[in-house]
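These protein sequence lines are chains C and X, in that order.
All the letters of the first sequence, read from the start, carry residue numbers 1 to 150 under this note's numbering.
All the letters of the second sequence, read from the start, carry residue numbers 1 to 446 under this note's numbering.
If you are wondering where the hints come from, they were derived from the structure by calculation, not from laboratory data.
Some hints here could point you the wrong way.
Pairs of lysine to aspartate or glutamate residues, derived as EDC-like cross-links and limited to a Cα-Cα distance of at most 20 Å, are as follows [to be verified]:
#1 Lys60/X - Glu121/C
#2 Lys438/X - Asp50/C
#3 Lys17/C - Asp358/X
#4 Lys438/X - Asp3/C
#5 Lys24/C - Asp50/C
#6 Lys17/C - Glu341/X
#7 Lys5/C - Asp390/X
#8 Lys60/X - Asp3/C
#9 Lys17/C - Glu441/X
#10 Lys127/C - Glu441/X
#11 Lys440/X - Glu10/C
#12 Lys17/C - Glu378/X
#13 Lys438/X - Asp14/C
#14 Lys5/C - Glu441/X
Here's the letter readout for the chains.
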Amino acid sequence: MSDLKALYQEVILDHNKNPRNFKKMEDADCSVEGYNPLCGDHYTVFLKMDGEVISEIAFQGSGCAISKASASVMSTVLKGKTRAEAEEWFEKFHHLVRGEMKGETGIDELGKLAAFSGVSEFPARVKCAILPWHTMKNAIEMKKETVSTE
Amino acid sequence: MRSKNKKPHLNPPLKGEETKERMVLSKNIISSYTESILDTFSVEKIRRDFPILASRVYGKPLVYLDNAASTQKPASVIEAIRHYYTTEHSNVHRGVHYLSELATQKYEAARVKVQKFLNAGSEREIIFVRGATEAINLVAATYGKKNLKPGDEVLITGLEHHSNIVPWQMICEEKGAHLRVVPIDDNGDIILDEFNRLLSGKTKIAAISHISNALGTVNPVKQMIEMAHRKGVPVLVDGAQAVPHLRADVRDLDADFYVFSSHKVFGPTGIGILYGKTQLLESMPPYQGGGDMIKSVTFEKTIFNDIPYKFEAGTPHIEGAIGLGAAIDYLNLFDWNRVQEYEQALLQFAEGEISAIDGLKIIGTAKEKAGVISFVLEGIHPHDIGTILDREGIAIRTGHHCAQPVMQRFGIPATARASFAFYNTREEVQALVRSIQKVKEVFEHV
Chain C
1 MSDLKALYQE VILDHNKNPR NFKKMEDADC SVEGYNPLCG DHYTVFLKMD GEVISEIAFQ
61 GSGCAISKAS ASVMSTVLKG KTRAEAEEWF EKFHHLVRGE MKGETGIDEL GKLAAFSGVS
121 EFPARVKCAI LPWHTMKNAI EMKKETVSTE
Chain X
1 MRSKNKKPHL NPPLKGEETK ERMVLSKNII SSYTESILDT FSVEKIRRDF PILASRVYGK
61 PLVYLDNAAS TQKPASVIEA IRHYYTTEHS NVHRGVHYLS ELATQKYEAA RVKVQKFLNA
121 GSEREIIFVR GATEAINLVA ATYGKKNLKP GDEVLITGLE HHSNIVPWQM ICEEKGAHLR
181 VVPIDDNGDI ILDEFNRLLS GKTKIAAISH ISNALGTVNP VKQMIEMAHR KGVPVLVDGA
241 QAVPHLRADV RDLDADFYVF SSHKVFGPTG IGILYGKTQL LESMPPYQGG GDMIKSVTFE
301 KTIFNDIPYK FEAGTPHIEG AIGLGAAIDY LNLFDWNRVQ EYEQALLQFA EGEISAIDGL
361 KIIGTAKEKA GVISFVLEGI HPHDIGTILD REGIAIRTGH HCAQPVMQRF GIPATARASF
421 AFYNTREEVQ ALVRSIQKVK EVFEHV
């Protein structure tokens, strides 16, 4: 069970069960759908921007624990960040879940996102973890197309 | 096939005050009947024929419960392919030399084995294709091309795999025809009255699965074919999920087309079968052009070969056909009444054990089922179930099973699906149940 414990860490199970910022945002500046039809993960990410800053972020939808917790933790990390910072976090998160952490980023810096370090041992689940992030990236770039990571 | 209606001695009609007592009695009878079948079937001997079943995954014994996706191969099939390439290989229908004749003879002998396997009237009615999917595409593209006109209809059911939806959608779109879908009820049974109602003067073909891959429903195809024929509608039966569980008899069913994939019936991947009635096959235009499907070619005109070769363009999957033949030889070693009895007992045992898990719901509770248990766990996504089971050495499938309309019908994005073959055991079912409990532990301690 050790690999499984590394995957389903407390933070992930908690955010899966009690997702943060899990609501529809009626006055969003941009909302984008993320959908992986093969496994059925399906979310909408909502953003409200104040200039370059993400002033509000929320999401809705359903899917596996990894994708839902990823969306939830992402929403807590990115609130108040600028577009450029969000893109930096996007890159860091990708490196983390693909097991490609670069020397310059320590795992401590990642805070709650570090809970996703176990995903790299489960290649089939990487697509679940990154779906909300790709969806968010389209949203900050004001692209409307539905995102898939399958 | 298990029929909840056809075993009155096991399922007595229940009335009034007696009900509870008789239910307990009935459950005991079923359970001892099931137990005796599970005890006496020599499954361990069968397992030794399948080398892969002895392997370990993440240090745990492999429990392979993804048979509806693909079945494992007995040593005799693996050996037949090795033997073919070691001693018999050349191209078929081409050369006058020894090896070409030998390969041709083996390839054609495999066709005859398939003919007998399906009880087809002639080996000319057996066409080698890449799989059930290609077989359906072939019929849609040739029969459909010839017979569909604007306003015509193709009738399918709400249980179909994407392979028995999309080819029809494509030809309907091309021809201006309409795809009609017979609804299913909450148990996952086709609503036969609706099927009958939707068969109309405009229906040019009906395409129905013999057994549903997502839910395990065994459809009353013989009855449905009769209903269709009464209205002059030919029927294609998608037998991909049926052939590993029952002996299909195309003449008894009076199927106009019957298709299946070798890899789901213990043979190699990349080959499958289209059975079609001679008259229909002869009336259809060719599917692809190339070698083997022609009698003569000039730049002005090509004369097409006779069936089955008219539909087999290019060098075929020779070792695939030989491997499929070997799989059929292997299956012929068994008494299929016994095999079916065992599979039904195992399914019944598994449904009993699995449905007893708190918070678990089985999707698909049709009157007759074979080989498949699709389920959902409250609050836990099937994908997470699949990952945790995988680390326990248990292979199941999670997702929509290439049957998204079935998922939509039940209002769920996905299920976890355990699917069985005759080499699966009661102990494997118990391992599955223990691991599902582990899944719940992982998620419930938060």
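Hints and how they fare:
| no. | hint | in the structure |
| --- | --- | --- |
| 1 | Lys60/X - Glu121/C | holds (18 Å) |
| 2 | Lys438/X - Asp50/C | violated (46 Å) |
| 3 | Lys17/C - Asp358/X | holds (18 Å) |
| 4 | Lys438/X - Asp3/C | holds (14 Å) |
| 5 | Lys24/C - Asp50/C | holds (19 Å) |
| 6 | Lys17/C - Glu341/X | violated (43 Å) |
| 7 | Lys5/C - Asp390/X | holds (14 Å) |
| 8 | Lys60/X - Asp3/C | holds (14 Å) |
| 9 | Lys17/C - Glu441/X | holds (14 Å) |
| 10 | Lys127/C - Glu441/X | violated (25 Å) |
| 11 | Lys440/X - Glu10/C | holds (14 Å) |
| 12 | Lys17/C - Glu378/X | holds (12 Å) |
| 13 | Lys438/X - Asp14/C | holds (18 Å) |
| 14 | Lys5/C - Glu441/X | holds (11 Å) |
The structure fails to meet hints 2, 6, 10 from the earlier list, while all remaining hints are met.
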